[in-house]
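Student: Using the sequences provided together with the hints, build the complete structure.
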Amino acid sequence: MPLRGYPTLQFGVLILLAMVAVGLWGLVALPSADRQDLAHSFAPPMSPGHPLGTDALGRDVLDWISDGIWIAIQVSLAVVLISAVVGIAVGLCAGYFGGVIDALLMRLVDLSLAIPPLLLFIAAAVVLQPSMLTLILLISAVSWLPYARLVRGVTLVERQRGYILAARLGGASRVRILVGHLLPAVSTVALVLCSLQAGYVLLWESGLSFLGLGIRPPQHSLGYIIAQGRSTLSVAWWVVVFPGAALALLVLAANLIGDGLRDLIQRDVEVVER
Amino acid sequence: MTVAASARELSVEVRKGHGWQRVVEPLAFDVHAGEIVGVVGESGAGKTLTTRALVGLLPRGVRASGSVTLGERTFDARAVAREVLGRDATVVLQNPTTSLDPLSRVHRTLVEGVTHLGLMTKREASHHARALLDRLGFPDQDRVLRLYPHELSGGMAQRVAIAAALMPSPKLLVVDEPTSALDAHVRVEVLELIGDLARDLGTGVALVSHDLALVGRFCDRVLVMNAGRILERGVTQDVLERPQHPYTQALLASAVTTDAVPRAALPAMAGS
Amino acid sequence: MGFARFIGSRLLQGLFVVFGAMVVSFLIANLTGNPSDVIGGSLLSPEQRAQIAHQLGYDRPLPERLGDYLAGAFRGDFGMSYQTSETALSVVLRALPNTALLITCALACALALAVPVAILSVLRRGTGVDRSMRSTMMLVGALPDFWIALLLVLVFSVNLDLLPAIGFQSASSLIMPTVALALPLTPALVRLLRGALLDVVGQDFVTSLRARGFSDRSIVTHQAFKNASVPFVTLLAMQVGWLLGGTIIVEVVFAWPGVGSALNNAVQNRDIAVVQAAVVVIATGYVLVNLLADVYASLIDPRIRTAVTT
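Chains as they are written, first to last, in the working numbering: chain A, 68 to 341; chain B, 2 to 273; chain C, 10 to 319.
Just so you know, nobody snuck in bad clues.
If you want a taste of the chain C side facing chain A, the calculated C-beta under 8 Å gives, among others:
1. Phe25
2. Val26
3. Gly150
4. Leu152
5. Phe155
6. Leu253
7. Gly255
8. Val276
9. Arg279
10. Val284
11. Tyr295
Taking CB as the label site, the calculated pair distances span:
12. A/Ala156 to B/Arg147: 51 to 61 Å
13. C/Leu36 to B/Gly62: 46 to 56 Å
14. B/Arg147 to C/Ile16: 15 to 25 Å
15. C/Ser227 to B/Ser44: 30 to 40 Å
Okay, the calculated bits of chain A under chain C, using three or more residues with CB under 8 Å as the criterion:
16. 178-192
17. 271-284
18. 304-310
19. 318-332
If you are wondering where the hints come from, they were derived from the structure by calculation, not from laboratory data. We put the beta carbon where it would ideally sit given N, CA and C, even for glycine.
Tutor: In structure tokens, the structure reads:
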């Protein structure tokens with residue numbers, strides 16, 4: 068295996084693959100997720116046909132979870148992609164050109180730290196109709212900032228290096244320097260951030276859906292399922308426990324992969340420097 | 002002449018993967034009370050690790066074996082640190098400004114070690130600190146004691162670091178060659194002070210250096226090291242004027258310089 | 010003196026942040042153009058909506074409204090909460106002490122866990138102890154706070170009937186919300202402190218402390234800890250908003266009478282003025298916390314006291 072020697076990374080990828088498998092299975096079994104079966108309400112885990120039990124309306128918890136995992140993966144992938152692209156572009160420009168973009172970016176970063184993202188999302192929900200698309204755009208509106216800050220920092224360092232100067236003296240255009248030389252230099256650190264941030268996005272999405280301000284039926288976010296189970300907590304613990312565990316595993320996978328990638332990159336960097 | 006410190010079968014290993022790689026071969030040497038022994042060699046020769054192993058101040062992933070004698074007592078090289086550091090042996094690091102705790106005033110830096118180990122009471126330590134600073138040429142000791150490291154010049158910081166190392170009146174002082182960030186004349190001044198103090202206190206000094214000119218001026222004896230071995234040793238004058246080992250000869254040849262700086266202050270050959 | 014200038018410059022920076030938060034809170038309300046649509050919903054006729062919009066001043070041009078809003082916000086006037094007919098600010102400020110209490114307890118709890126863990130993992134760095142502690146922390150850090158909250162309720166209220174599930178009646182009401190917040194916070198604190206300690210432990214002065222007879226343990230718990238506390242506190246204050254964002258959800262789960270519950274209530278009822286006031290109050294709290302961190306840093310580190318700027 069190419070990841071030998073990086074147990075965190077291995078473990079993270081393993082968990083993620085397992086969760087994706089469950090999620091994909093949910094995609095296939097999607098129509099059944101909402102199927103009510105009042106005859107089998109509150110079936111405990113390990114019941115025949117319902118390995119993780121059912122809720123008050125007899126809906127299968129495992130079906131729900133796989134549905135929720137699929138939603139979670141979609142949202143976090145979309146957010147990470149959007150914010151990485153925007154953040155890297157802005158960060159490169161700010162770091163390379165400096166000036167007004169740079170000053171503006173840094174003030175925005177200051178501001179984004181002062182207003183907890185979850186607060187902002189909740190506040191925005193006062194006027195926005197909750198849906199998957201608004202949620203993705205809303206979270207992306209905040210999440211591109213860390214990329215921009217990180218990439219700006221790396222760019223500031225990289226642009227002083229000899230190879231950029233050489234390219235400039237060689238007559239390379241600005242676009243060519245930015246895309247051809249600086250982008251590869253920042254992409255590895257951005258990759259680490261992508262993975263680490265996916266964990267945050269998962270928690271934000273489920274948290275908002277838990278409050279009823281995120282994704283709503285017919286799509287079932289893990290947060291929404293947990294909120295549903297909350298009212299019947301005293302009779303059916305499994306409706307809360309299993310979706311939460313699935314969510315925790317997803318976050319764990321994202322963090323493990325991020326941490327592993329960080330180790331991987333650091334080790335490589337060291338080899339280069341020696 | 003009494004022996005301040007001696008090493009027997011002293012070797013150093015560095016962790017490599019799952020095993021250990023020997024970087025200093027078993028060697029033996031003595032440092033007498035009141036003398037300065039120069040340990041010379043290029044970077045990577047093992048001179049720093051050897052002298053650090055003598056007092057047990059090794060970084061993580063590095064271990065020493067053999068035995069070390071300080072005064073009357075003999076220790077296993079692995080256990081020497083806890084017994085001698087801060088009592089019978091101390092170290093002056095290369096860069097004085099970074100080797101002082103930035104959050105501590107000079108007073109605390111000087112006093113904390115000996116009081117922590119219970120060698121002196123706070124009052125005794127304060128008194129002793131003033132005396133040492135006076136001896137090191139600070140006219141206004143009370144003012145210096147109140148300063149923070151960032152308020153000291155390089156030369157002042159170096160002398161404070163020396164004072165801190167001499168607080169317990171150690172039998173052995175390991176001195177890394179003062180950083181080249183210091184002015185040449187400050188380095189010379191500092192080494193002269195160390196020499197005087199060592200003779201007064203009867204402290205043996207091991208001076209780690211790659212600068213033969215510096216060693217020639219300050220050291221009574223010299224050890225020439227390369228690749229973890231002592232290649233040549235003897236009275237400084239003999240070694241510098243009649244080198245026996247080809248490596249020493251090469252080292253001396255490459256150190257010949259052209260500028261008109263007085264001999265003692267020559268920056269000499271580049272090692273690191 | 011440098012200190013006053015340092016704090017002054019940070020105060021100015023903080024003022025910008027509060028100003029920014031006011032603009033953001035204004036933009037939130039005006040995201041969809043006209044808040045009166047949101048308040049009225051679809052129940053009202055277009056004429057009625059237009060009348061409400063006129064009453065609230067939403068028929069005027071955007072820049073003019075922003076100017077008015079900012080002028081009011083700086084005086085602490087965010088308008089009335091239409092639910093309670095109190096001022097929006099007083100709704101938030103009334104809930105603030107409860108939130109402050111909860112956050113303080115959670116931070117204290119998380120620190121009490123994180124400090125020994127970080128110190129131990131630095132002392133035993135690179136060993137199995139360090140690795141197993143890092144894995145544990147990574148696992149704990151992945152647990153969603155609202156899920157922890159519900160699990161606590163399940164065990165201690167539903168099954169054991171030991172602690173009250175909701176509200177704030179007695180000191181015991183504080184236990185579960187505190188744990189639910191502190192647990193996911195702990196790994197983040199460990200990471201920050203461990204990083205800061207490792208930076209310090211690699212410095213020359215630590216070697217020279219060892220040379221003067223201090224043991225590793227003594228150095229890490231005293232001199233190195235003091236040195237590391239400066240970047241640690243600064244970074245902690247900087248990230249406190251992100252780290253404690255979950256307070257809102259945890260408050261909702263436990264029906265804790267704090268800003269988070271007030272905010273959730275306001276959002277569910279489209280009480281825009283209260284939402285705006287909450288955003289600005291929280292940003293102001295963030296600025297104050299960071300100012301405190303700056304004061305701490307300059308008290309501990311003489312270099313900051315004498316530095317001219319930043």
